[in-house]
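Engineer: What follows is the residue order along each chain.
2 protein chains.
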Amino acid sequence: MRILTRSEIQKRFNASRAIDRLVDGFICDWHGDVQLPASQNFRFEEADGDCCIKSAYVAGQPTFFVKVSTGFYQNPSRGLPSNNGLILGLSAQTGEPVVLLQDEGWLTCIRTALTGAIVARLMAPETTQCIGVLGTGEQARLQLQCLRDTISCRSVVVWGRGAPQLELFCRDASQMGFDVAIAPDAEGVARKCNLIVTTTPSRGPLLQREWIRPGTHITAVGADAPGKQELDARIVGDAAVVLVDSRKQCAEYGELSHAIRASLRTVDGTISLGAALATGDRLRTEESQITVADLTGLAIQDAAVAASLLDED
Amino acid sequence: MRILTRSEIQKRFNASRAIDRLVDGFICDWHGDVQLPASQNFRFEEADGDCCIKSAYVAGQPTFFVKVSTGFYQNPSRGLPSNNGLILGLSAQTGEPVVLLQDEGWLTCIRTALTGAIVARLMAPETTQCIGVLGTGEQARLQLQCLRDTISCRSVVVWGRGAPQLELFCRDASQMGFDVAIAPDAEGVARKCNLIVTTTPSRGPLLQREWIRPGTHITAVGADAPGKQELDARIVGDAAVVLVDSRKQCAEYGELSHAIRASLRTVDGTISLGAALATGDRLRTEESQITVADLTGLAIQDAAVAASLLDED
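Here the protein sequences line up with chains A and B, keeping their order. Counting in our numbering, the first sequence runs from 1 upward without gaps. Counting in our numbering, the second sequence runs from 1 upward without gaps.
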C-alpha cells in the first residue's frame, strides 16, 4: 500500500484533473452509477469532537474509497487543528488496500472549494462586480483561490468574527491578487457583492433576504450537518434557481431544509448538481435572477479528488 | 501515526490480553456503553467481491476504531488470499489517527476464534469427549488453536470439502497436539463429538437435529451475512440455551434468523453473550442439554483486539 502525506498530496495535486473527476463523479451519481453507503457518525461529548466515515464507489473505477474525517473543537487550545482525517483507497478488483492518503482533512477542504468553482461556472452572474466571502477560515481562502481560476473579478469584500483572523485573511487574499475590503457585518457584504460564498459554521441565518441584490448568486457550504444555517430561508424560497449537491442531504440538513420547514420551497423545486452538469444548460435565464447553490458534501467528491491523485501524469 | 504490519501484529499479539478486552467489550456493549454505527457495505458484482466497514467506540477508551474488511472470492485463482483489510485507530480526545493495523484480515479471524474460546468457557460440556470441526480454513485452525488453551480434550474429528485441504488441516491440528480423524460427512462429526465448531460459508444446513448427541454444545461462526446457514433450524429451536453475540444481527441473518422464520424460537428465547459474561452464571443447567452459540461478529470485537495491541506490556 502506498502512503502519501499531506505535503506529498499537495505537491501532487492537480486542480484541473480534480475538477474533471468531480464533474464525472457528480454526473455518475446523478445516473445512479455509484455506491454510497450511509455515513457512519460518532459523537464524543466530553472531548467536544465528532467523526464521520463516508465511503464511495463509482461503477467501473479501479478503486473505491473510505474517508475518515474528524472535528475536535477544543484542539486549537492545544495547538492542534480542529479537523483531521485520511482517505483509504482499495482495489475494486481484489479488495487490497492500494493507497492511504494522510491528508489531515485537506482533501475535504479542497474538494469543497473546487465544487464551489464548478458551481460558479454554472451559476455566476455574467459580470461579477465583487466577490463576497462570509468567514475567514481555510475554506474561505480555498474558495477564493479556486474562484480566481474561474472568474475574472478581483474585488473581494469579507466579513468574519475576530479582527486577527480578518487581517490574516486579507493578507492572504491580497497575495492571491485580490483587492480586499472588510465589511462591518454580513449586510455590508450583501449590499456590495453579486457573487457570495458562505463558509461559516453558523447555526442561524447570517444573510437576510432584503439585503440580496438582484442578479446575485450565493454558494453556501457551511450547512453540512443538522442545526447549521447561513441563509435566511426566504432567500432559498425566492431564488429563481436552487441547486443542490444532494437532494436527500440538502432536504435533511442543508439550507434547503430550512426553506422546506418554512414551506417556502419543495425538493422538486431544486436541481441537482449532477443533472445540471450532465445537461450543461445555463441555469440563470435572466441576469436579474437570484440563484443559490446548497452544498452539503458527498463521499463521491472525496472519491473523485482521491482518484485524481492516482491518475497517471 | 504508528503503522503495524501483519507480522508485527502477530508478534505483538497477546491472546489472554485480547480475551480480557473482548470480555470487557461484550459487557460494555450489553450495558449500552458503546457507539456502533451501522455497517457500510459494498458489493462488487463483476469481481465477485464485497467490502464491509465496521466502526466502534467503547465509552471512556482513549481510541476508537474503524475496520475495513474485504472478501474477493476469485482472488485464490490469482494467487491472492480471499480476505484482506485493516483497522484504523483514532484518538477519541483529538481525532488524530494514532495507529494503522495492516493485519490483512487476521485480527478478524483471531477475534472470532478467541470469542469461540470465550463461549466454550461458558458453554462447553463438563467433559468434552471429542471436538468436532466443520470446515478446514484458517478459522477452523484458529478455533482449534484457541480451544486448546481453554479445554483439555485433545481429540478432533473434522469434516470439510476437498481432500487436500483436509490433509493440510490434519497436519496442522496434529502439530498443535491433537489426535485428528476425518469424518466422511457432517453426520460423522455430530455422532462422535459433544463440542462442535462450524466454520464454513455454507448456505444451507450442514448439521441435522437428529444427529446431535444430548449434552452437545455447538458454536456456529459461519452465518455472518444474509443467506448463510450451517445448522438445521430445529437445532436452534430445540436447544436449551441459545447464546447470541448480537440479538439484532442474529435475528437478521444468524442461525437464529432461520429458527425465527420457522417459528421455532423468538429473540426473547436467547441470551446475549454480554449478559452471560456480565452475570457469569453457568448457562448449562443439565449435562444432557444441547446448547448453541450463534456468532455473527461485532465491531466491538475488532475494537477490543485492536485496543489489546496498544496496551502497554
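What the hints contain is simulated information worked out from the structure, not anything from laboratory work. Predicted model only: the values in this text are computed from it and were never measured. Even for Gly, the Cβ is constructed at its ideal location relative to N, Cα and C. Take the hints with a grain of salt, since some may be wrong.
Stated by the list, open to error - Covered, in the sense of this in silico footprint (three residues per stretch, anywhere, with C-beta under 8 Å from a C-beta of chain B), are these stretches of chain A:
| no. | region |
| --- | --- |
| 1 | 67–79 |
| 2 | 82–89 |
| 3 | 96–103 |
| 4 | 205–217 |
To be verified - A short list of chain A residues far from chain B (calculated; beta carbon distances all over 12 Å):
| no. | residue |
| --- | --- |
| 5 | Cys51 |
| 6 | Arg141 |
| 7 | Gln165 |
| 8 | Arg191 |
| 9 | Ser202 |
Engineer: Now, for every hint given, state plainly whether the structure supports it.
Structural biologist: Now the hints, each set against the structure:
no.: 1; hint: 67–79; in the structure: holds (count 6)
no.: 2; hint: 82–89; in the structure: holds (count 5)
no.: 3; hint: 96–103; in the structure: holds (count 4)
no.: 4; hint: 205–217; in the structure: violated (count 0)
no.: 5; hint: Cys51; in the structure: 6 Å, violated
no.: 6; hint: Arg141; in the structure: 22 Å, holds
no.: 7; hint: Gln165; in the structure: 22 Å, holds
no.: 8; hint: Arg191; in the structure: 39 Å, holds
no.: 9; hint: Ser202; in the structure: 22 Å, holds
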